[in-house]
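Asks: Using the sequences and the hints given, assemble the complete structure.
Residue numbers (the working numbering): 3 to 83.
Derived from the structure by calculation, the hints contain no laboratory data. Misleading hints may appear alongside valid ones.
Ranges of calculated distance between the beta carbons of each label pair, as one might list FRET restraints [unchecked claim]: (1) Ala60 / Tyr27: 17 to 27 Å; (2) Gly58 / Gln28: 16 to 26 Å; (3) Arg82 / Leu5: 48 to 58 Å; (4) Gly23 / Leu52: 14 to 24 Å; (5) Ala4 / Leu76: 46 to 56 Å.
None of the values given here were measured: they were computed from a predicted structure. By construction, the Cβ of each residue, glycine as well, lies at the ideal position given by its N, Cα and C atoms.
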Amino acid sequence: AALPVSWIQMLAGLALLSTIGGSLYQALHNERERERDAAVVAFLVTASGLTLVGIGSAFWGLIAGGVCYVVLNLIADRNRY
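Replies: Below, the structure is given as structure tokens:
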């Protein structure tokens, strides 16, 4: 290979920065606070590298974000009435 593996990984990470930044902006630039909080939870769990029962953090991030969204909506609905 012309470049060491670590350099290739670094270049790939730099190339993805704008994609990650745009995705985070879209997720967090939301006026509905519940959706924004769920997006942050999903991102943080996914970025943590958590692995449970041999299942990676991408799965657990989706689960945590979904659970957060449902719970926050249930609380908001309960407080509305």
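Asks: It remains to establish, for every hint, whether it holds in the given structure.
Replies: Okay, the hints, checked on the actual structure:
A C-beta distance of roughly 20 Å is found between Ala60 and Tyr27, which places it inside the suggested range of 17 to 27 Å. Between Gly58 and Gln28, the C-beta spacing of about 23 Å keeps the proposed range 16 to 26 Å intact. Here the CB-CB span from Arg82 to Leu5 is close to 57 Å, well matched to the stated 48 to 58 Å. A hinted range of 14 to 24 Å holds for the C-beta pair Gly23 and Leu52, which are about 23 Å apart.
In this structure the hint that Ala4 and Leu76 lie 46 to 56 Å apart at CB holds, the actual value being about 55 Å.
Hint violations for this structure: none, all hints satisfied.
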